[in-house]
Amino acid sequence: MATTKLGFIVQRPPYKSENPKLALTHAIASQSVEIYLKDGDLVTADVAFVGDGVLNCLKNQKAMDIYALSSTESHLKNCLLLDLNVYVCKEDLGKLGLSENDIVMDAEEFGADMKVNVVPFDEISKMMEGMNHLLFF
Amino acid sequence: MATTKLGFIVQRPPYKSENPKLALTHAIASQSVEIYLKDGDLVTADVAFVGDGVLNCLKNQKAMDIYALSSTESHLKNCLLLDLNVYVCKEDLGKLGLSENDIVMDAEEFGADMKVNVVPFDEISKMMEGMNHLLFF
Amino acid sequence: MGKLTIGCFSSLVGSMNLDFAVKLSAAALEKGHTVDLWVSGNATMLSIKDQRAFKDYSSLEKPLKELMGKGLTVTACEACAEARGYHKDNTMEGFKRHSMDWYLASAFDADRVLHIGGE
Amino acid sequence: MGKLTIGCFSSLVGSMNLDFAVKLSAAALEKGHTVDLWVSGNATMLSIKDQRAFKDYSSLEKPLKELMGKGLTVTACEACAEARGYHKDNTMEGFKRHSMDWYLASAFDADRVLHIGGE
Amino acid sequence: MKLAVFVSDYRNTVETLERLKPEKLGIILVGNGVYHATVKEKGNASPLLEKSADFYALSEDLETRGLSSSHVNSKVKVVNYGDVVDLLFNNYEKTAWL
Amino acid sequence: MKLAVFVSDYRNTVETLERLKPEKLGIILVGNGVYHATVKEKGNASPLLEKSADFYALSEDLETRGLSSSHVNSKVKVVNYGDVVDLLFNNYEKTAWL
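Residue numbers (this note's numbering), protein chains in the order written: chain A, 1 to 137; chain B, 1 to 137; chain C, 1 to 119; chain D, 1 to 119; chain E, 1 to 98; chain F, 1 to 98.
The set of hints was computed from the structure by calculation and includes no laboratory data. Relax, there's no trap hidden among the hints.
Derived Cβ-Cβ restraints for the label pairs, each shown as a range: (1) ASP113/A / ALA53/C: 28 to 34 Å; (2) LYS70/C / PRO47/F: 47 to 53 Å; (3) GLY94/B / SER32/A: 54 to 60 Å; (4) LYS96/D / ASP39/A: 19 to 25 Å.
If you're wondering where the values come from, they're calculated on a predicted model, not measured in any experiment. Where is the CB? At the ideal position from N, CA and C, for every residue including glycine.
Looking at chain A on its own, in the form it has when it is part of the complex (with noise of 0.2 Å):
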């Protein structure tokens, strides 16, 4: 019986690549991983959103009805939904001029009981301490 930590850190814009939301598809992936693994054994994913990474938790994106692409706010919904840690970077939210009132901060109308963390990076620090393996996209 043992858990694994994995620490996914999202430091770049969505749109650009596929780089932030495979972060978040990858990190979903930790709620099916039991079946390649023994019984009590677990993989983790905590997500933090820092730098301009944090772009991915505006409101609003309408990638699906212009682009036909699913957008990283409902991915980000999603990583709520399945109880996964969210964290987002305060002073990165402040230095680019935005609120937690811009931002996805649950998905209620999901039935989803998370919530996101908007944290000082320090927090994120701990956070990136306390995990077996970091994943930076």
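Chain A is fixed; fit chains B, C, D, E and F onto it per the hints.
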């Protein structure tokens, strides 16, 4: 009988993407374009390296030995062999601490008459003014 | 009405550069212009047939076929495609393949050329 | 001896990221380590068979097959591949395809994970 | 020359734009370039907008990213794909995608 | 933590590296990151080399680009692929490719 002049501007270093190499291989294709054109019609290609793009011109690139990949150095020599005008920005070489000694200046070993023109950016600007279309890589 | 030649190079599928090129082509055709679209480098990914349309990935086969029906000419760099394992038999119907000089020939009589290089 | 899991994501073919991943895998195998290589996003281009080896393009089919012979496990993200028109029948022999959880499972008991994201 | 420059990235690392001095310059913000039109970093508009140029931002790419036209800097005109085609054919002669 | 950071670009635009403060930091220059080891821009070494870290540059990627080991900054140790494997397993616990 008409001539269309294309300016290929290479602004990025090699090996991070195929871009600089594709710039050179496409420029070289100006030599075979007449099969699509009427007699006497021409497309010319001038090539300019600016910014970090001047790093494409460094001598002694070992891409073939190490990664089994032809180097931008070899493509640059092909450009000279096929009589394309090649410009390298003097200021940008200087800024990166490089001189004419560090870069390919000719392809004498293949019998090429053309030489690389190390020129101030102003001259590259004038070249761009004289082109029908610009292609930035 | 004029002729627009668009070249899309080395851009990531997953970036929106190819999506941009296709939408701009549509808008130009709509206004009565002629459009040639050339894809080279990684952008030759556009040419492969039977790409499955998932909503998590850009899927351009359908809009592209509609535009070809409206007169869009779209051509992939043959060497760039072959190097990636994209052969004639897995190329989308109507998608041409030529050597790089095709792009330059298209630029010869184009009124405007938009070359989408970059990264 | 340990286990190294390498993930290569969304990287351009034509960047040297895939070349790097393959050469690092070779070096780790050489030293007796176990290596899992996962490719996702655009890096799934690595999985397609019959890529023609031109000297102007990175050509990794041959070194990859050698490394598979030496025990390298290499797996492509199935959805990322399908979305690009890479199906089972044009996948290189020995190249596995799985859903994304395979990568996480590989990381579970890896001593080191090198995730090559970026652009 | 009359040059339309497309800026498709927010953290643009090529310096070419600084050095181009065409007689008429248009800067068309597309893709992640549209962040230049809206984001106020440390309270300031993007330095790009200080250039002497006409600025345009693609509405489709603003909306894709959750950016509202009401946040677009007043120097920037919001345009759609059709408008971009007209700009290319009517207002500029050459293009540069940086 | 003991962190090995791979830098693969010369014009790195993510700021994450500035903010990581692991107890032990190694910076491995690969791909176009190797320019940090050799290029003297306006006469100065890359600001990256001012960080408090152990620096390595991949010899294969230096040579590919026509960069000679003799031009590598004295702070930087030239290593090959095999050395990188040993660094990962013996000197560091976690990795970050920025």
